[in-house]
Structure formats: structure tokens, C-alpha cells
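Trainee: The chain contents come next:
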Amino acid sequence: MKKLFLVLVVLLNPLFLVGCWDRIEINDIAVVTGLGIDQKNEKTIELTAEMYIPKALGGGGGGSGGGGGPQTYVRIGEGNTIADAISNLQEKIPREVFWGQTKVIVIGEKLAKEGIRVTLDFLTRHTEPRLRAHVFVAKGKAKDVLALHPPLERSPSEVLRELAKMKILMDVTLMNLLQMLSGDAQAAAIPMVHILPPQKGMEPLQTIAYINQTAIFRKDKMVGQISDKLTRGVLWFRNEIKLSNITIKPKEGKGYVSSTLLRANSQLIPKIEGGKWRITLKAVTEDDVIVNGSNLNLMNPKFIQMLEKDLEKEIEHRLTQTLEKVQKEMKVDILGFSEEFQRKYPKEWKKVKKNWDEIFPSVEVTYDIKAFIRRPGMSTTPQGLPEDEVKQK
Amino acid sequence: MNKQKVENQEDPLSSDLNQNIHVLRSIYENCSDLVFRPFVIGGKTKAFLIYIEGLCNIEEMNASVLSPLMDESAAKYDTLNELLENKITVSKAKEVKTSTECINYLSIGSPLLLLENESIGFAFGLAKWEKRSVEEPTAETVIRGPREGFTESLGVNTSLLRRKIRSPKLKMNPMSIGRYTQTEVIVAFMDGIMDPTLFEEVTKRLKRIDIAGILESGYIEELIEDNPFSPFPQILSTERPDVAVSSLLEGRVVILVDGTPFALIAPTTLYSLLQSSEDYYQRFLIGTAIRWLRFVFVLISLLLPSLYVAVSTFHHEMVPTTLLLSMASSREQVPFPAVIEALVMEITFEALREAGIRLPKQVGAAVSIVGALVIGQAAVQAGIISAPMVMVVAITGIASFTLPRYTAGIALRMLRFPIMILAGTLGLLGVMLGLIFIVIHLCALRSFGVPYLSPMAPMKFRDMKDVLIRAPLWMLNTRPHLTGKFNKYRQAPHQKPDPSQGD
Numbered sequence: 001m002k003k004l005f006l007v008l009v010v011l012l013n014p015l016f017l018v019g020c021w022d023r024i025e026i027n028d029i030a031v032v033t034g035l036g037i038d039q040k041n042e043k044t045i046e047l048t049a050e051m052y053i054p055k056a057l058g059g060g061g062g063g064s065g066g067g068g069g070p071q072t073y074v075r076i077g078e079g080n081t082i083a084d085a086i087s088n089l090q091e092k093i094p095r096e097v098f099w100g101q102t103k104v105i106v107i108g109e110k111l112a113k114e115g116i117r118v119t120l121d122f123l124t125r126h127t128e129p130r131l132r133a134h135v136f137v138a139k140g141k142a143k144d145v146l147a148l149h150p151p152l153e154r155s156p157s158e159v160l161r162e163l164a165k166m167k168i169l170m171d172v173t174l175m176n177l178l179q180m181l182s183g184d185a186q187a188a189a190i191p192m193v194h195i196l197p198p199q200k201g202m203e204p205l206q207t208i209a210y211i212n213q214t215a216i217f218r219k220d221k222m223v224g225q226i227s228d229k230l231t232r233g234v235l236w237f238r239n240e241i242k243l244s245n246i247t248i249k250p251k252e253g254k255g256y257v258s259s260t261l262l263r264a265n266s267q268l269i270p271k272i273e274g275g276k277w278r279i280t281l282k283a284v285t286e287d288d289v290i291v292n293g294s295n296l297n298l299m300n301p302k303f304i305q306m307l308e309k310d311l312e313k314e315i316e317h318r319l320t321q322t323l324e325k326v327q328k329e330m331k332v333d334i335l336g337f338s339e340e341f342q343r344k345y346p347k348e349w350k351k352v353k354k355n356w357d358e359i360f361p362s363v364e365v366t367y368d369i370k371a372f373i374r375r376p377g378m379s380t381t382p383q384g385l386p387e388d389e390v391k392q393k
Numbered sequence: 001m002n003k004q005k006v007e008n009q010e011d012p013l014s015s016d017l018n019q020n021i022h023v024l025r026s027i028y029e030n031c032s033d034l035v036f037r038p039f040v041i042g043g044k045t046k047a048f049l050i051y052i053e054g055l056c057n058i059e060e061m062n063a064s065v066l067s068p069l070m071d072e073s074a075a076k077y078d079t080l081n082e083l084l085e086n087k088i089t090v091s092k093a094k095e096v097k098t099s100t101e102c103i104n105y106l107s108i109g110s111p112l113l114l115l116e117n118e119s120i121g122f123a124f125g126l127a128k129w130e131k132r133s134v135e136e137p138t139a140e141t142v143i144r145g146p147r148e149g150f151t152e153s154l155g156v157n158t159s160l161l162r163r164k165i166r167s168p169k170l171k172m173n174p175m176s177i178g179r180y181t182q183t184e185v186i187v188a189f190m191d192g193i194m195d196p197t198l199f200e201e202v203t204k205r206l207k208r209i210d211i212a213g214i215l216e217s218g219y220i221e222e223l224i225e226d227n228p229f230s231p232f233p234q235i236l237s238t239e240r241p242d243v244a245v246s247s248l249l250e251g252r253v254v255i256l257v258d259g260t261p262f263a264l265i266a267p268t269t270l271y272s273l274l275q276s277s278e279d280y281y282q283r284f285l286i287g288t289a290i291r292w293l294r295f296v297f298v299l300i301s302l303l304l305p306s307l308y309v310a311v312s313t314f315h316h317e318m319v320p321t322t323l324l325l326s327m328a329s330s331r332e333q334v335p336f337p338a339v340i341e342a343l344v345m346e347i348t349f350e351a352l353r354e355a356g357i358r359l360p361k362q363v364g365a366a367v368s369i370v371g372a373l374v375i376g377q378a379a380v381q382a383g384i385i386s387a388p389m390v391m392v393v394a395i396t397g398i399a400s401f402t403l404p405r406y407t408a409g410i411a412l413r414m415l416r417f418p419i420m421i422l423a424g425t426l427g428l429l430g431v432m433l434g435l436i437f438i439v440i441h442l443c444a445l446r447s448f449g450v451p452y453l454s455p456m457a458p459m460k461f462r463d464m465k466d467v468l469i470r471a472p473l474w475m476l477n478t479r480p481h482l483t484g485k486f487n488k489y490r491q492a493p494h495q496k497p498d499p500s501q502g503d
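Chains as they are written, first to last, in the UniProt record's numbering: chain A, 1 to 393; chain H, 1 to 503.
Simulated from the structure, these hints should not be mistaken for laboratory data.
Warning: the hint list may mix true and false statements.
Unchecked claim - Which residues of chain A face chain H? A partial, calculated answer using Cβ under 8 Å:
(1) Glu-25
(2) Ile-26
(3) Asn-27
(4) Ile-29
(5) Val-31
(6) Tyr-52
(7) Pro-54
(8) Lys-55
(9) Lys-103
(10) Arg-132
(11) Glu-324
(12) Gln-327
(13) Trp-349
Ideal Cβ placement from N, Cα and C applies to all residues, glycine included.
So that you can see chain H by itself, here it is in the shape it has in the complex (with noise of 0.2 Å):
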């Protein structure tokens, strides 16, 4: 562990007060948000409180460590022991040796204190800073379902997996990375369910990062990813503390990172890419049609445009005459060649989601009048843009939104445009051309040992039960099969419910 760290003071404290705030102070030299109060205990002995301002509880402390032991009565108890039994009111201490334990301890907001003549001192856990509150998770809404959602401080986070899995089983194993941030990375894992290899893994490939800082999930995603080439996420993210908890009763591996409200979900596959929580708080089959129309939406958000631009530049003859008539009368008019119209509607509506997202929200309306209006209405009458294109362009937008994942979307967005290409210059071949180097490249991704298409490819029927339909939670009798050794069965078989069930 140590190694990360860059400044490295194993040295004891000593028993001098003045040696040990001036060993502070010069690690801590031009940190003005570092206060040292200096006081004296009962009249008789010298000390130095010491917190990073901001980071802890001013009220609290002063309440219980400043007052009481500044009082007349606390004079009587010499050792500092016997001050913290008998003086101190706070629940949380923890004794402190060394001049690294200190600044741990300052880091994190506990307050310390270091008294005369004492070569050890105690960090008291009265960290408390300015944290949003936990809030319903903005780019994963859903209609039924928990309306909380991780919060970027990791306390709250494993609060909110702790109050849903109250069984200790539910193992959470602290790690920190980053050489200046030290951030605070928590792996958590349900014992017993989880194939232990597959901690191992996750763990050794966490302790392989050595950067600066981690401001993100997405940078430790980034550097403990299987194929770092590939458009495909092979790490789920969430905000939902309902989708980590799931994703932990099948026995993966939950990531969660201080600083951020997007845990990380290891391993993952495409298809639970395409499925979302309410699937299975909705009738499974509402459930199981809203999946298929997923299914649907995920190959017309990719191929949508370059099907058309194929058709209409190759296949004439594919097209029903009618509305081959209609096509071509719109066309009449317009300048480019469609692959050039595809290509530029496509962009412009990537701009329009990309600004959409980065603008002020007081301007936000005038770019979408501007979008809808200029690009969409606009071309069309000018005689740029035939409607069949903005069309096209329309639902392929909205298909790719479909995606209960936003990364997943973006992803196969990308891979829109060298489809594009493809289906403007060879034809439906391309676009065939595309698809197979698509799936060949899907097949051959991995994410932490589980093939990324599993359970379609390599076939195992049992797992499809979750893949192609959402069965009832009464058939769901046995957990996916992700690698080595697994916990099969995580309910009781025969939960029909019928009438004469009762008993």
C-alpha cells in the first residue's frame, strides 16, 4: 500500500509537544485551512488541537473536547487515558503513533489532539463537511422503483447498500488510490455468492493503478478494463443503489469510489447493458415486451440510416414501388447524394444532443427551437434535406435513447458512422460488412473472464430465461452462471403463488 504514497514519515511521535507541532507545521507549510488551537488542560497541561477547517464538526468539538477538558475539574486526571474515560465525549477515538497516522486522520476531518509530555495522540471522528443530500438519480429515472440514488460521499453509499442487505455476508473491503488524492475505493461483495477468484482479480487490478488522482469511477473503469480499444463498456456504472444490490446477489462485484455518485458493476455483459431495473419491478410481461422492444430499437439505432442510405442508392428494388415513389419525389429536389445527407443530419443531431447537455439551462429552449425548427423544418423546405431523412434521423435519435444505459448508447451511436460509410459505397453489403465485424468484435470481448455476449454466446439455455424474456421472479429460481465456482439457487423452488397454495 505504502508504496503509492509519496511523502512517507513512518516516524514515531515524540514526547515533546513543540517537536511534534513543528513537525506538523512543516509538513503542512503553506496549508492555511490547517488551525492549530493551542490550549491548556485543567490549568496544568499543554495542548494543540489540530483540524483542517471545513472538513469537521466546530460545534461538537467544542462541546466535548474543548470545554470539558479546559474545565477546572480536569486537572485531576493526569494521563490521557484517564482524560478520555473520563472527560471526553466523544464516541469515536482513535489513538494515534505516528506523525502518518496524523495526517490520515487530518485528512479524512477528524480533529487531533496532541498533549505535553505525550508520544501519542487521538483523532476524535468528528469529520463532517458540506455533502448534497441523496437525491433521486437523475440519468437513470425510473417510473417504479426506489427514488434514491449514490451520493458522491462513500459513507452514504455503503449506508444505502448496508440498509438493503442487512446480512453480514455483505463484505466491504477498503482500498485507496491515487498518490495525491488518496481517494477511498470500496470493493463490496456478498460472501458465499461471489466466486472468490473473481475478487482477486478485481483487487489486483486495482491495486495495479498508480496515477495522481481519481476524480471519477471512469478513470479507475478505464485502467481495469479487458479490451481498452473496444466502443463497448465492459463495466456497467450506476447510481442506483437498487442495481448494485441486485448485481451483488448475483455475485458480482460492486466498485465504489469517494468522490462520485457512479459505482461500477464488474462483470458485465451486453445484454444486462439492455435491461433495466423497472423490468423487474413492472409485470414480467410488460417487462418482457418492453425488452423485446429494446432489442428492436438497439438494431434500429444502428442500422436505421445506413439501411436507408443503402436501400436508397442500391437496392431500388427492395422498396415497395409506393413508397419508392414517395421517396424518390422528395429527393427530387435535394442537392447531395444521401449518404452526405445521412452523414450530416446525423452529426448535426450529435451536436444538438452534445450542446443539449452542456448548455446553461436558460438557453437550452432557444437551441432546441433552433434544432427542431432550423435543421428539421427549415432543410426540408429549402429543398436540402428530404423528410423521409429527418425521418430516418429522428427515430434512430430516439432509439438510441431507448437504451436504459446511457453508455451503451453512445457507444453504438459511434458505431453508426462507419456503417454510414459503409452502406453509402458498397450497399446493403456494407452494411452486412459492418454488422459481422460488430459481432465478431462482441465475441471476442471479455469483461473480468465472462464472455461479453454470454448467455447468447456461448449458449446456456438456463441463463436466457433473464435475456430474452423477464420470467416471472417465480421462475427465476437460479442465479447467471458468470465464472468458476457458483452459488446456483438464490430462492426456494414452487413460489407459484396460486389459490390453493394456502395452507
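If we strip away everything but chain A, and leave its shape as in the complex, we get (with noise of 0.2 Å):
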């Protein structure tokens, strides 16, 4: 009996030592989704949370649903540092701030042009922000493109995330982009958002802010920006390209073939051949027709392997201009090649390693690009011609 009493204390202790310190329960607490940061002024910080309004989601007592109203709401904190812009933020809002659900990262172009280590420091060193939240650089103010109402989503850092998560442009989450940095090649990219004009009629912040183009950093200032139809470039080097509609025009049968992507899978091979630095593109893709506007007839093969051939030299195209621009122009390794470099010529890259801004640009490139169009679509002929208009062979 007195040694059960005494487990009982000992089981009991614990309880009333230790227990409870950080208990918070979810309805004392403001889930944070999206994090902005913005560079107020040359001293200031801008620190915007979007979070929640549990009430307006319905569900739950009472009864009385959301309804219309805005589902989030934002809140801004201002300091000197990331610290002061937390306390600051903290004071206006009277739940704990809790980054863990923080998915989306938000950073504004101004201090995305002054250097974001800082800002990733803090991200990484606390506790509670994720990794794997998505980065983005928004054109203009951070905190705008959070403050928006999106009609379909329910936040605009949801609609962030769902559009990332489709990879038809740049994903990057936070741990990517550490990865980049801290990589010798000391460039990174980041998926930029611009806030797409509301549609006549809507409220002005009844839209969303979309991915349209992408960042590119030198080290951790950012240095310009890519289209999208380049950054699709950058992908295929990169090997994450995922969905890609190519158009072209085939030499016979005026008009103009569209194709989508299956499957791709490209490949970097380095070779150092005298002192010449070169990078061979090696791409295989697997393509569908989607529109067929000329009048060839698909049914024949012959037609098909033309076909295959001028997809090649289109996506060879893009990639020379996307080249055009990264490696002549902003002579920024957001490419990958020093990684295969440093790969396969450990040596010779640690010589290198230094002055690698000044060998990027004159790394000779070669294409071996191989297409396949595996499936002309639910219709043989082209629809809509008569049948000796089409052209059989």
C-alpha cells in the first residue's frame, strides 16, 4: 500500500512540476497561413499575417454560418527588425500568433531587391515556421497581395499554394530556396505574383494574385525577373518541367500544330575539353496533339515524325532564348550547371569555384533534344474539312 502511494506521487508530480506550460488551446490562438515581408522604408519592416476568422467559417455552436463575409483578415506589424515587426504585431492581435500552419511566404520586391537573408535566418531559426511553406516575390507590396478576398479560394495564400502545388511555373518552397542559396552557384529563383485586375463589377479586392513570372537572386538580392515562357526555358534545364503546351508550324499543310506534355525528363551532361567548359542538354519528351489547324492528316506517320522533328527545333528555341537571357545577359546560375560541374569535376571546380560568375556565361551549350508524339487525340483527320482537302500524304 505504501509503495502504490508512493508511485502515485511520484505519477502525480510530473502533473503539477512540468504540466501545462505551453498548453494553448485553438481557440486562444490567431493561425497564421500567409506571411508577408515588406521593406517599409529604408529603416522599417513590415510584417503582414493573414489568418483566420474562425467565426466566419460556420460550422460549430450558434449556428450562424459565415455567410458572405471575408474569410481572413490581416493584420500588419512595423519595427526596425523582424523581432520588433513581431512584437509590434503581436500587440494588435489579441490571439497568440501561431506560424505553424504558415504555408505561404510572401516577399515584397523592395526588400527582395535589398537582400532577404535576414528575413530566411528568422524563418529557419524559429520554431514554428515550416520548411516547406511556399516562397514568393510579389510585385509591388507583399502585404497587398494578402489583403485580397479571392471569389474561389478561400485566401489568397491558399490560392498561392494550389497554384505552386500545379508546377506550371516555379515552386519553391523555403527549404528549396536555403538549398540554392547556400549552393556555390549562389543563385536562386523564386516564383514572382502579380495581382490579376478584378474582374467589371467585382469589389477591387475581390481577385487573386497569380504566378506570372519569376525572380531571379544573385546571392540573396534579387536582380530581375524572367517571363514565364523563359522560365518554362529554365525548367526544362532544370529537369521540373510538368506541363508545357508547345505550338508550331509545320512546313506543309499551312497551319499550325499544338501539342501538351506527358512526360519530360532532361538531363545536364558537363564535359571539360581543353579548357573549354560545355553543358549538353539531353531532353526527352512525350507529347499529345491537342489542335490540329492544319490540314495534315495525323493517321500518317510520315507526318508525325515531320512533326516530332519541328517540335524539337521549337523547344531547342526556347531554350536558346531563355539562354539568351540567363546565362549572356544576367550571367546568373539559376541553371544548375555548376552543380553538375562540381560533380563530375570536383578538381577542377574547386579552382573554379571563385570566379564561377565569370566562366557561367561562356559555357558552351549544346541541345539533344528527342520528341515523341505518342497520340494524335480522339480524331483522326482533321475536323471540320472536306475529305479531299485533307492531305494524305
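Two independent chains are provided; combine them into the complex using the hints.
Mentor: See the structure below:
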């Protein structure tokens, strides 16, 4: 009996000694789903937290559902440093700010140009934010992006997250970003979002921000941006391309043919020959035809082969454009060349590591692209054309 | 045996009938249910027929004992044995020589015949009392399987076992326990399958019992189990003869107790608490699937409320965002912390369950309406309890009833509360702490020498075919190894049916 009592005391002690110190009920936290960071002026940093209003979600007691009102709201904290901004933000929110569900981080353009290292340090050092959060750069101010009321999704951050997950353009998580920046190339690419002008008749805030460009970073500073077309070129180099429609104009057959990507796989093969640094992009892609605007009968294998050749040329053309901008103009290695050289030629790499920025623009790129058209779609002949106008052979 | 008897009368019967009657009358003083019927055999010998009212078959007694003996023709036989051989038409008759024997026979319902000038009497096997017929056990129902269950009378129960196992290897060893009730207890086992030391251990523990009375097998269970402080039952109890027989055939011991339909099975393991007899009557794939369902729901019934409490008060980042938001929105108006909410709901549920068992059938419906409507819906609508919590409690309640053994379900339901408090104070850390405590305790438990977690701890791969899965019958060639010597093979190998097997 004495032993039992002792065991009970031992068991109860931890509960009273340490129990509950970090206990916090769900209805006492403010769930931050999107985080925006802006440089207001030279001294001040603005921290924007996009939070859900649980009351507006309906469900639960009362039965008074949210109805039409917005489901999220934003609060902005200001301060000289991020830490100051957080305390300032907490002053304005009656519940404890909780970063554990922050899945979207938007960085204002101005801050991106000033440098994001300190921001990244905060995001990784703090225990709550996730390394898997998606990172974006906002054209203009991040706080404007998070203040929107999207008509379809529940919150602007949800819109951005879903868009990034589709991987039409870049999708960069905090962890990817840290890896890119700590690599030898000292370059990073982050998707850039624009605010879509609202539809006619809609409230000015009833719109979304969408990914349209890619921001290019050298070290931790943004140096420029590239368009969506060129971004896809970058994705080809990085073997990240998932969705792409390519339109070609075949020599024969008056009109164009569009195809969509089924699968693509690309590989960078580095080579150093006589002091010349070369890279070969080897890509294999399988495609579907989705539009046949020409009068070619695609049941003919000859035409398919021709289309495949044209497709290869078109892809190569796009990639050259990308290279022109990224390699020759911006001179930032976001294509992943450095890693390939580092892997295959570690000794040579060590020597040039310091002045890679000078070597990178001179790397010669050759292409080895194989395109296959797997399926011509549900129709055989071009639709809506009389039979005698269709080119059979 | 006799040490447990309070009144010790080893005195032999005397040849004086009046003396014998006097002794019996004084022993049974103030016992109005004892009947002394004086009569004269064949008009010359004085005799007494003694019986306890309601315990014997009066018609049979009149027809086979009283009327032939009182007949004139009985006069020509002088000795008791001659009378027995010629006149009494009862198949079961036993000689009694002492008044102790007289009491023993009277108390089990045998009428007693005592004669003038004879120092022996006769007890006739004419016991008959009101008993329940064999019915379907209500606590262990099955869809497919025998519908008969044990009853309160020991004779019926042993006959149910004997009807299933015809082999004389089925041994039944009687003993009586209880100072006053003298309850008959039978230890049944299969000779040649069971480890003899197990029987020794069981009888040794049974003989240790010295209490006033045994009203239910639970008394015996509590007095012979290995760890009396554990919440887990270390002896299986069942109402089903088929469960008892399958345990016998695996080399276990079955203890039948007079006056209760619950037989005890020892030794037992945690996993046999999770097995239903129906697992073996259904197709093995279904049996396996249902067994896994039970494993999952055991964990749910033990942990779900605690996990909910821990995650919603300490680990908000673990929940998918959308789920967290709907949890948050339903908790918006709730005034209590999640732990209190969970405790209140769980205690209410346990109260409802208990009330449901005790209530007279007529008011049962009213209680379920009150339970479902008032506590469920109204509490949510009033904003006192959040809707997810009601769901958690409901799922947990259902989960604890998926266990085929009610006793095991109760153990898990009880352990849920300390874990809930741990979860509310230490979060998932507390849940793990509680779980580790339980596992350590289970590892230390034994049931008649068999580790409670076997065949998982200690690992016995061969026995796992009947724990992790329900292997098809033609693969269950070996018996589980309990302790010591065991009869390894229970059937012939290579019995997998196949069209090419025919010969």
C-alpha cells in the first residue's frame, strides 16, 4: 500500500511540476496561413500576417454560418527588425500568433532587392514556421497580395499554394530556397506573383495574385525577373517541367499544330575539353496533339515524324532564348550548371569556384532533344475539313 | 477437503431409526424446507423418506419409491439390499453410512431412505429443480456459430462439453469450494494435450480458496489470478461451450462453476481477448480483416480522445490546416479547455452505458433519447461541447465495443482516463508516457506462467499465424505453445483442398 502511494505521488508530481506550461487551446491562437514581409522604408520592416477568422467559417455552435463575409483578415506589424515587427504585430492581435501553419511566404519586391538573408534566418531559426512553406516574391508589396479576398479559394495564400502545387511555373519551398542560396552558384529563382486586375463589377479586393514571372536572385538580392515563357525554359534545364503546351508551324500543311506535354525528362551532361567548359542538355519528351489547325492527316506516320522534328526545333529555340537572357544577359546560374560540373569535375571545380560568375556566361551549350508524339488525340483526320482538302500523303 | 467444513459430523448412522431421525432433525433445526415422511414398508418395517422440498422429483419419488415399498408385496423382503433389488425402480441409488453423507446427498436434492434396524440408508438420484434451459448467450452473440450457451446448472454445462468432445481424454475433476455454499467446481482439461503441471497449479490455487461462498466464477477468478492489481483480465471468461472446447483442444484448462453460466479459461493472453469464436467460422480472409479492424479499434478506444486533446492543445502544427480551422471554428464558443471537455463527455458516456445495463427495459428508450439528444445535440448547439469532440467520444465508444470480450473493453475504457489527463498536461509526450506504462505493465503480466503478450513478447513466429492473421484452418497445424511440454501437432499436414487432391 505504501509502495502504491509512492508510485501515485511520483506519477502526479510531473503533472503539477511541468504540466501545461505550453498548453494553449485552439480558440486562443491566431492561425497565420500566409506571411508577408515588406521593406516599408530604409529603416522599417513590415510584417503582414494573414489569419483566418474561425467565426466566419461557420460550423460549430450557434449555427450562424459565415455567409458572404471575408474569411481572412490581415494585420501588419512594423519595426526596425523582424523581431520588433513581430512584437508590434502581437500587440494588435488578441490571440497568440501561431506560425506553425504558415504555408505561404510572400516577400515584397523592395525587400527582395535589398536582400533576404535576415528574413530567411528568422524563418528557419524560429521553431514554428515550416521549411515546406512555398516562397514567392510579390510584384509591389506583399501586404497587398495577402489582403485580397479571392472569389474561389478561402484565402489568397491558399490560391498561391494551389497555383504553386500545379507546377506550371516555378515552385520553390523555403527549403529549396535555402539549398539554392547555400550552393556554390549563389543563385536562386523564386516565383513572382502579380495581382490580377479584378473582373468588372467585382470589388477591388475580390481578385487573386497569380504566378506570372520568376524573380532571379544573385546571392540574397533580387537582380531581375524573367517572363513565364523563359521560366519554362529554365524548368527544362532544371528537369522540373511538368506542364507545357507547344505550338509549331509545320512546313507543309498551312496552319499550326499544338501539342501538350505528357512526360519530359532532361539531363545536363557537363564536359571540360581543353579548358573549354561545355554542357549538353539531353531531353526526352513525350507529347499529345491537342489541336490540329493544319490540313495534315495525322494518321500518317510520315507527318508525325515531321512534327516530332519540328517540335524538337521549337523546344531548342525556346531554350536558346532562355539561355540568351539568363546566361548571357543576367549571368546568374539558376540552371544548375555549377552542380553538374562540381559533381563530375570536383578538382577543376575547386579552382574556378571563386570566379564561376565569369566562367558561367562562357559555358557552351549544345542540345540533344528527342521528342515523341504518342497520341494524335480522339480525332483522326483534321475536323471540319472536306475529305479532298485533307493532305493524306 | 474437510478442513473447509464448519460442522464436522463423521459419526456413522446408528441402527436405531429414531436416533438417526433425531440427529438429522437437530442438524436441520429451523429448516422448514426439509420434509420427513414416515411410512411402513410392506406393513411391517418402519421407514423414513427425507428430502428437501423443491430439489427433487416428487412424482418420480412417489411412483418408484413410496408406492412399491408401501405395497403389501414388499413385506416378503427383509434386508435393504433385497428391497433395492426387487422393489425400488430408481436407476441411481447410493448407500449412505454417515450423517455427513446424508447431509451431502440431501443438499444436492437426493431423497434419503432410512429404515428401522439398519445402519445404512439409501440416497436416490432423483434430484430435480427449476433451471433455465440452454439459451443463446447474450453477451457473446455470433452471426454464424452455435447458438447454445452455458447455463447456471453445472450438470448441463458438463454435458455441453461432453457432447462436443466425445473422447474419454476429456477429464473433469470436481471439487467443492465455499464454507457454506459448498459450490461444486469442475476443472476440465484434455489429457495428453494439456501440460500436467498446469492442472497441478490450477488445483493448488483453487484449494487455497477459503471463503464463505462462491456466487459467480468472478470470485474464483479474483482469488487465483496472477496480478490482482492489474486492470487486465488474466483469465478468460466465456458463456460459449465452443470457446471452452477450442481452449481445451489448445491445451488450456476450463473451470466450470455451479450456479453461473460463465466458465473460466486459463491461461490466457492479451491476444485471445481480441479473438472471437466467429473468426474461425468465417472465411479466413474475412477473419483476418476483422481481426485487424479490432487491433485498430483497440488503439482508437484507448487513445483517440487523448490524441485529440493533445493535438488540439499542444501540437497545432500537426493537424492539416483545413482540419485545424474547422476544429477551431467549432471550438470558438466552447467555454472549457479540451481536456475538461473530453473528460466530461467520456464520463457521461460511461454513465449512459452503465445506466443502459441497469435500467429496466421500459425506461431504456427514454434514457437513450436523453443521452443522444440532450447530451449530444443540445450540448453542441448550446456551445458547451464542440462537435468534433462528440464525434471523438462516439467513435471511441463504438471502438471499445468492437472487442469481443466485455472485460477487456472495460479495462481499456478505464485506462483511457489517466491517459487523457496525461494528454491534457503533457501533450503527446504524456500520451506516449501512458502508453509506455501500459506496455511495460503488460510485459510484466503473466497468466498461469504464460507471458501475457505472447506470442509477440516473447516472439514465437509459429504462433503468430493465429494472432496477426487468422491463417486458414489447413495451415493451423500446430497448437500454440503455452508452457512446458506441449502436444505440438493438432492435425495432419497438407490438407489444403485442391481439385487434384481427390483420390
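Trainee: Hints first: check each against the structure and report whether it holds.
Mentor: A quick look at each hint next to the structure:
1. Glu-25: It holds, given that the least Cβ distance between Glu-25 (chain A) and chain H is near 6 Å, below 8 Å.
2. Ile-26: holds (4 Å)
3. Asn-27: holds (5 Å)
4. Ile-29: holds (6 Å)
5. Val-31: This interface hint holds because 6 Å falls under the 8 Å limit.
6. Tyr-52: holds (5 Å)
7. Pro-54: holds (4 Å)
8. Lys-55: Hint on Lys-55 (chain A): holds, closest Cβ of chain H at ~6 Å, below 8 Å.
9. Lys-103: holds (7 Å)
10. Arg-132: Result: violated, 11 Å to nearest chain H Cβ.
11. Glu-324: At about 41 Å, which exceeds the 8 Å cut-off, the nearest Cβ of chain H leaves the hint on Glu-324 (chain A) violated.
12. Gln-327: Nearest chain H Cβ about 39 Å off; hint violated.
13. Trp-349: This interface hint is violated because 39 Å lies over the 8 Å limit.
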